[in-house]
Amino acid sequence: MHSKDFLLTLYRTMFLIRTCEESFVPGIHSGEIRCPVHLSSGQEAIAAGVCAALEKNDMIFGTHRSHGHYLAKGGDLNALVAEIYGKEKGCSRGRGGSMHVLITDKGYLASVPIVAGTISLAVGAALAAKIRKDKTIAVSFFGDGAAGEGVLYEAMNFASLKKLPILFVCENNYYSTHMPIRECRPDDTVHTISTPFGIPSFSIDGNDVVGVYETAKNLSETIRNGGCPAFLECRTYRFRGHVGPDDNIQGSHQDIRPQEEIDEWKTRDPIPRLAEYLKETFSINEGEFAQIHSAIENQVTQAHQFAKASPYPDPLELTRYVFRK
Amino acid sequence: MSLENRPLTYSLAINEALKQMMEKDPSVILIGQGVKSPWYVGNTCKDLIETFGQDRVIDTPVSENGITGVAVGAAVVGMKTIVVHPRVDFMMYAMDPIINEAANWHYMFGGKSSVPVVFWGIINRHGEQAAQHSQALQALFAHIPGLKVVMPATPYDAKGLMIAAIEDPNPVVFIDDRDLYGMEDHVPQEYYSIPIGKGEIRKQGIDITVVAISAMGPLALEAGQTLEKEGISCEVIDPRTLKPLDEDLIFSSVKKTGRLAVIESAWKTGGVAGEIVARVAEECFSFLKAPIQRITLPDTPAPMSRTLEDAYYLKLKDIIEKIRSLTKG
Ligand SMILES: Cc1ncc(C[n+]2csc(CCOP(=O)(O)OP(=O)(O)O)c2C)c(N)n1
Ligand SMILES: [Mg+2]
Numbered sequence: 000m001h002s003k004d005f006l007l008t009l010y011r012t013m014f015l016i017r018t019c020e021e022s023f024v025p026g027i028h029s030g031e032i033r034c035p036v037h038l039s040s041g042q043e044a045i046a047a048g049v050c051a052a053l054e055k056n057d058m059i060f061g062t063h064r065s066h067g068h069y070l071a072k073g074g075d076l077n078a079l080v081a082e083i084y085g086k087e088k089g090c091s092r093g094r095g096g097s098m099h100v101l102i103t104d105k106g107y108l109a110s111v112p113i114v115a116g117t118i119s120l121a122v123g124a125a126l127a128a129k130i131r132k133d134k135t136i137a138v139s140f141f142g143d144g145a146a147g148e149g150v151l152y153e154a155m156n157f158a159s160l161k162k163l164p165i166l167f168v169c170e171n172n173y174y175s176t177h178m179p180i181r182e183c184r185p186d187d188t189v190h191t192i193s194t195p196f197g198i199p200s201f202s203i204d205g206n207d208v209v210g211v212y213e214t215a216k217n218l219s220e221t222i223r224n225g226g227c228p229a230f231l232e233c234r235t236y237r238f239r240g241h242v243g244p245d246d247n248i249q250g251s252h253q254d255i256r257p258q259e260e261i262d263e264w265k266t267r268d269p270i271p272r273l274a275e276y277l278k279e280t281f282s283i284n285e286g287e288f289a290q291i292h293s294a295i296e297n298q299v300t301q302a303h304q305f306a307k308a309s310p311y312p313d314p315l316e317l318t319r320y321v322f323r324k
Numbered sequence: 000m001s002l003e004n005r006p007l008t009y010s011l012a013i014n015e016a017l018k019q020m021m022e023k024d025p026s027v028i029l030i031g032q033g034v035k036s037p038w039y040v041g042n043t044c045k046d047l048i049e050t051f052g053q054d055r056v057i058d059t060p061v062s063e064n065g066i067t068g069v070a071v072g073a074a075v076v077g078m079k080t081i082v083v084h085p086r087v088d089f090m091m092y093a094m095d096p097i098i099n100e101a102a103n104w105h106y107m108f109g110g111k112s113s114v115p116v117v118f119w120g121i122i123n124r125h126g127e128q129a130a131q132h133s134q135a136l137q138a139l140f141a142h143i144p145g146l147k148v149v150m151p152a153t154p155y156d157a158k159g160l161m162i163a164a165i166e167d168p169n170p171v172v173f174i175d176d177r178d179l180y181g182m183e184d185h186v187p188q189e190y191y192s193i194p195i196g197k198g199e200i201r202k203q204g205i206d207i208t209v210v211a212i213s214a215m216g217p218l219a220l221e222a223g224q225t226l227e228k229e230g231i232s233c234e235v236i237d238p239r240t241l242k243p244l245d246e247d248l249i250f251s252s253v254k255k256t257g258r259l260a261v262i263e264s265a266w267k268t269g270g271v272a273g274e275i276v277a278r279v280a281e282e283c284f285s286f287l288k289a290p291i292q293r294i295t296l297p298d299t300p301a302p303m304s305r306t307l308e309d310a311y312y313l314k315l316k317d318i319i320e321k322i323r324s325l326t327k328g
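Sequence lines, in order, name chains U and C. Going by numbering that gives the first Met the number 0, the final residue of the first sequence carries number 324, and the count climbs one at a time with no gaps. Going by numbering that gives the first Met the number 0, the final residue of the second sequence carries number 328, and the count climbs one at a time with no gaps.
Note that these hints are calculated values from the structure, not bench results. Check the hints yourself; a few may be wrong.
[What the hints assert, rightly or not] So the derived list for chain U, only partly shown, Cβ under 8 Å to chain C, looks like this:
| id | residue |
| --- | --- |
| 1 | Arg33 |
| 2 | Gly95 |
| 3 | Gly96 |
| 4 | His99 |
| 5 | Pro112 |
| 6 | Val114 |
| 7 | Gly147 |
| 8 | Glu148 |
| 9 | Gly149 |
| 10 | Thr176 |
| 11 | Cys183 |
| 12 | Pro312 |
| 13 | Pro314 |
| 14 | Leu317 |
The beta-carbon is built from N, C-alpha and C at its ideal position, and this holds for glycine as well.
Assemble the whole structure, with the sequences as input and the hints as a guide.
And the structure:
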């Protein structure tokens with residue numbers, strides 16, 4: 000049984016991610032935010048649960064949809080929001096935008112939008128950890144779509160062959176852009192792909208933050224103690240469009256997914272789900288939740304103020320950072 | 000409305016080329032990410048699945064390397080395959096089937112087997128999309144023996160060169176720029192093709208030759224019109240095909256004008272602009288009255304932030320200034 004404080008921490012992380020993601024919507028609509036933004040609303044439990052199971056120096060790698068991973072790994076909110084506005088104080092100094100975030104001092108090595116682009120890099124980080132014997136592990140976050148790329152299979156084979164400390168986390172939200180998973184794969188699960196490589200595989204409810212945490216905790220400890228890699232599929236759903244607030248097909252702001260499907264998944268929203276549990280188990284009242292919510296909402300509002308007030312990069316510095324000096 | 004005068008956008012001109020070729024030749028198939036998507040490939044693939052069915056128009060998982068190999072293999076056994084990559088950036092996963100396999104194929108098997116495939120890659124940039132969603136990588140392909148590379152700059156050429164690329168018995172890299180998709184022009188409704196390897200003079204002139212690649216064409220023309228008012232007469236050339244390059248057209252123009260600027264919205268080092276400049280230096284040295292100039296992007300990944308993006312991409316003003324400076328004296 001987890002403590003109230005611990006569960007509230009998970010709750011805060013998820014609520015922060017949701018609030019932050021949703022806060023970008025008006026700016027995207029108004030054009031103030033221009034870079035492609037892939038919102039992770041609905042998928043917060045995976046970032047929150049997995050990252051809570053990690054140590055500060057464990058190394059994570061993400062994707063185009065990685066604001067949640069960033070926040071859950073302890074990334075600075077102001078620097079994330081500033082990055083999305085393209086500001087010099089952003090976490091990548093306004094050079095990368097939403098799809099290229101990192102936290103240099105907390106083990107968030109990189110997120111990139113090339114599908115499956117960081118999976119083998121995460122294996123490389125795990126190789127380094129093994130050579131250095133520093134007891135850190137690597138985590139590779141990717142989507143169901145990435146299971147189409149051959150590099151994932153090469154990476155799993157090598158990780159297993161060399162017994163590298165890596166957790167592969169597949170966030171299966173059943174879509175890869177406009178393609179439902181059944182048009183990409185022979186069936187709608189992904190986790191079985193690791194078994195031929197001798198990598199233990201698990202498929203769990205990705206909207207149950209406690210379940211995600213517990214599984215990730217067990218796996219990460221086994222991996223850390225010299226076991227082989229593991230593969231964790233988390234079944235989930237994104238509430239928003241592939242990119243931006245909605246799919247905005249020819250300006251119609253419709254989603255390409257069936258409305259009943261979206262509505263059904265919204266009943267499994269990970270955030271109210273944990274809230275219910277907290278209310279029942281610890282009789283936390285609405286007032287306490289309201290306090291948590293308004294504190295986080297203020298933080299997010301302030302982050303936007305910070306970002307808006309920050310300067311853009313100096314165009315004279317266009318070619319800076321091509322090489323390390 | 001007479002057929003001759005029918006305006007069509009660049010993207011719909013591609014669509015018409017695909018339709019006409021699929022109608023004409025049952026061995027033509029189209030495969031790649033987003034052929035049924037409302038976002039990925041603009042309206043270039045409009046109605047194709049409905050008309051030709053899912054066996055010939057195939058949307059795929061995210062598997063660029065494998066799918067491109069599939070396209071090459073189908074071509075080896077006689078299908079005319081078009082494989083689309085909605086961004087050239089994603090095409091980097093597909094370099095093995097493109098370069099090691101398709102490009103070398105006909106030669107390394109002594110001419111006994113060939114690969115009638117079109118590698119269609121779309122340049123899609125601006126909008127703060129940053130380094131991995133903005134690249135123009137035509138030079139990588141132009142470097143490779145055995146690959147032809149076309150970059151149409153008008154709706155008319157988009158249709159004619161797509162048809163030529165499909166009909167060519169060799170691998171052809173067809174690269175278009177999303178910046179051109181909305182451009183409207185007269186496009187004949189009937190089937191036609193444009194010879195690969197033939198450029199076109201877009202504007203006659205006597206003071207300087209301006210070779211403009213792909214989406215730089217419209218900018219070069221605008222610059223040419225502005226400079227005309229100052230008494231500087233630009234001859235604007237659209238090479239249309241980067242490989243094989245229409246050297247004769249460029250050489251004879253430079254021999255006339257004695258000056259050359261090449262505009263390519265891609266990196267300077269090792270770019271196609273550099274190749275054109277080198278050939279002119281080799282062949283037309285004694286005709287030159289001024290140093291040759293490349294007008295390109297800096298050797299820098301595409302930045303995200305709007306201030307940097309604005310400094311990064313070529314603008315009309317800079318192009319005009321550079322051309323003007325070459326014609327002084
Ligand atoms: C190599 C490559 N191919 C294609 C794309 C275009 N693309 C961006 S996200 C995406 C789908 C990814 O789906 P998934 O991995 O399930 O992640 P999700 O968007 O569902 O979070 C695709 C195909 C890309 N970014 N990189
Ligand atoms: Mg997905």
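Hints, verified against the model:
{"no.": "1", "hint": "Arg33", "in the structure": "4 Å, holds"}
{"no.": "2", "hint": "Gly95", "in the structure": "5 Å, holds"}
{"no.": "3", "hint": "Gly96", "in the structure": "4 Å, holds"}
{"no.": "4", "hint": "His99", "in the structure": "6 Å, holds"}
{"no.": "5", "hint": "Pro112", "in the structure": "6 Å, holds"}
{"no.": "6", "hint": "Val114", "in the structure": "5 Å, holds"}
{"no.": "7", "hint": "Gly147", "in the structure": "3 Å, holds"}
{"no.": "8", "hint": "Glu148", "in the structure": "6 Å, holds"}
{"no.": "9", "hint": "Gly149", "in the structure": "5 Å, holds"}
{"no.": "10", "hint": "Thr176", "in the structure": "7 Å, holds"}
{"no.": "11", "hint": "Cys183", "in the structure": "4 Å, holds"}
{"no.": "12", "hint": "Pro312", "in the structure": "5 Å, holds"}
{"no.": "13", "hint": "Pro314", "in the structure": "4 Å, holds"}
{"no.": "14", "hint": "Leu317", "in the structure": "5 Å, holds"}
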